[in-house]
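**Student:** Between the sequences and the hints, there should be enough to build the whole structure, so can you do that?
Residue numbers (the numbering used here), protein chains in the order written: chain Z, 1 to 563; chain G, 1 to 367.
Misleading hints may appear alongside valid ones.
[As the list claims (entries may be wrong)] DSSO-like, lysine-lysine: derived pairs with alpha carbons at most 30 Å apart: (1) K257/G / K479/Z; (2) K107/G / K479/Z; (3) K475/Z / K127/G.
Derived by calculation from the structure, the hints in this document are not laboratory data.
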Amino acid sequence: MQARVEPNPGNVIWQRLLFKKWDFWTAVTLVVYLLLCVFVVYPLVTLFINSFISEEGGFTIENYITFISLKYYRVALLNSFMVSALATIGAILIGVPLAYLSTRYAIKFKGLMQIMIVMSLLSPPFIGAYSWILLMGNNGFITRFIRDLGISVPSIYGMHGIVFVFALQFYPHIFLYVSGALKTIDTSLEEASESLGMTSWQRLRTVTLPLIFPTLSAGALMVFMASFADFGTPMLLGQGFKVLPILAYEQFVSEMGGNPAMASTLSIILILFSTSVLFTQRYFVARKNFSMTGMRTPKLIPLKPLAKTLLTIVAFIPACISILPQLTVILTSFIKTKGPVFQSGFSLDSYREVLYRVPRSIIHTYSYSILSIIIMVAGGMLISYILVRRKSKLTAALDGILMIPYVMPGTVLGISLIIAFNKPPIVLTGTWIILVIAYVVRKIPYTIRSSTAILHQLDRSVEEASISLGVPPMKTFFKTTGRLMAPGVISGAILSWITTINELSSTLVLYYGATATISVTIYSEVFTSNYGTGAALASILTLSTLISLLIANKLSGGKGLSL
Amino acid sequence: MSKVVFDHVTKFFGEAKAVNNAHFTIEEGEFFTLLGPSGCGKTTLLRTIAGFYRQEEGNIYFNKKLINDVPTHERNIGMVFQNYAIFPHMTVFDNVAYGLKARKVSKEEIRTRVLEALDMVELTHLKDRIPSNMSGGQQQRIALARAIVIRPALLLMDEPLSNLDAKLRVKMRTDIRKLQKDLNITTIYVTHDQEEALAVSDRIAVLHNGTVQQIAPPQEIYLYPQNRFVANFMGTSNFLDGSCEEGAKLNSSANIKLMGLETQLPLQKPHSGKVLFSIRPERVKISPEPSEEHEYKGTIDGVTFLGEKVSYTVKMSSGEFVEVHDHPSYTRDIYKPKQPVYLDLQLSQSVIYNGSGEEVIYRASEG
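**Tutor:** Set out below in structure tokens:
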């Protein structure tokens, strides 16, 4: 007991390294790092290097010079930016008032409205665009109706149409984020404001809106990123109006004159651009992270019957418009067809056709998605645990790597995976494995996010209590925290699941005849004018989405999904 | 039962020493309290004993066994947490049985021992309920039963009562103390509440900035705080600057000046120059008239009526403020602000430190 080594600083550091416990979680951290390096960092680095390789195989910055010097590319970037910015503004204008209305006033049928709004968010992007063509295209149902009234309307094609579809599809991000913030805001702050003599409008402007600003900007970021990365909608509605993801895709797949190096360059530019948008948002909310105790949450304002009915109708207008495409698709799927031609009357022809011609795509979608979701749940739980409970410099870097899928549009992710895995040491192109990898990388953030959220609420002393009572750490995790995390993990996993079955952009780059899924089949059916089968397949996805949502709702005790 | 030996234990957080060279022994069956303000290192020390943290320097022994590298789940400790840490997905019974199952105790024995433990904390009637909606007091009793049922070598309690309301806190601390004595279990208790520490402990260690300031039984720590920090943290005290004449000798009366008056006290350490008096408010006597004892003149500056006592702030004629606690009386009015009063500071019962407050140079002798 007497003999002691006199400490010196160097010694202390060594001791700390040696005493660092190498346990189950250290192993998990290392495995997670390894997998992320292989499937996220390595493809990104390969993509980056590839963008500097000339046709002869040497180093060049020609691709970047081409990008800057050609108006064709610059305009596409500007288009992408304009479309995303306008769609974000539109989404805010719809989402914020709707969120305020539904969280503060006792309007009717809120549950139904919530489901409709979430459904419209979770439909495959191009289905919205496709339905709007049916409704408001040059010969669309609504276009003809209005034209018959003698008013001339512009068709849905072009930039304004893309913005319109994006705003209607992505405003649910704003709605869900802002509703969440408005529900947990501490009313005593608003009461304090009013007690100091502010009118309710001034109060809204000086207290409520600034308080929800960080959340609103997070929602706006989601809208911007989703619009910026989207591929299907501008593809269908653009008609010559090009955005950056389309150019990247075209450079990559075009059989004639395709230029993988240029595709890589465009991909890198897309990533750089979305990263800077992300950091801009972070910068603006950095010092505005208001923590709400939510001790006294706002009460609903009761309404007189007439006002209630009117406000309910107002609140349902956006929900109804945004769900319209899906209803159109479902309706279309039951219309009698003869080949690609619609006839009058209803039938199940389209479904029969689906089962006859493309049954494999259904099997593919569900088998790949089930496999992906199993990996995502297991991985999401373990990763969120090391992020929350094993905070260190090592896991902080992990947080950074996990941001990469956020800033990579699906097309770009697909391109990077192909470039990385079409040559040794690992060859995966053309296999289903590469699709599962893409799905997991792209969608696991949802599961990680909700798992992390619930872990923050769980007290770590519960686990310490179990360990102190003699249960080893790993067993403790599965007996206590693992079980208590389940509700949060499931709500995130369902979101991962829904977005996986609907995933188009990365699949389109990575699939192969033998691995086609429902979403790419719809895409090709629509492009070959087989609207009936496309609609039938889309309805199958919509139904799966709806059922998954209802299950999520049930499991979360009616609290709805937290995105 | 275990005794716990700290052999020069130091724990770093980054560059800061959260625990600085802890070197003492907790005896078998002792109720030992780690007391200090938040951030003083008391919880860190407790968690180091539990094995949730690993000290960078020094050794910890349970009896003669070095436990530095024994993982928490093999240390055989019972731990009670500030926020109860009840397993929300298990019944009360299963919560208490949890540690016994990990120890592969037979089913019948689990049943007997769990019921026995629940009986001790008076919760037998709730054994099949899910604990989530139970009161804090009930949850903390479950946690206590869960910790003692495994017959741990050591019971660790991390601010177990701080989330309970005041009345319940007093009842619970009495119950905990009784249970600890009945089971004769070595207990290490962390709190920031000095009254709670005084009420339950056999010995108290006062910590400040990671360093142990004093280890002593409750009475000694209150009456003879070893430095200014302890005196200030344990209850309230008036700190008054005085001075000591040059060349005062050991154990002979030294002339000490305080607020313009001189007094003779036998110092236990030779000292000259500035000194610091620590005078408890309840030691000071107050009178409307001057007398031989009531020699310090002042005026009432503030009055706070607290029921069992009245607290006065007196502004002395020399400019200092002195807090005085007096018992309210039926026969005499409470002093009013601005009223002149005379204080008997009972300096022979004060503790006197050197000028920086780090070292005792005088305290009243025991008895």
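**Student:** So, for every hint listed, does it hold in this structure?
**Tutor:** Now the hints, each set against the structure:
Between the alpha carbons of K257/G and K479/Z the distance comes to roughly 67 Å, so the proposed pair goes past 30 Å and is violated. Annotation: proposed proximity of K107/G to K479/Z holds, straight-line Cα distance about 19 Å (limit 30 Å). Taking the CA atoms of K475/Z and K127/G, the gap is about 25 Å. The hint holds against a cut of 30 Å.
Checked against the numbered hints listed earlier, the structure breaks hint 1 alone; every other hint is satisfied.
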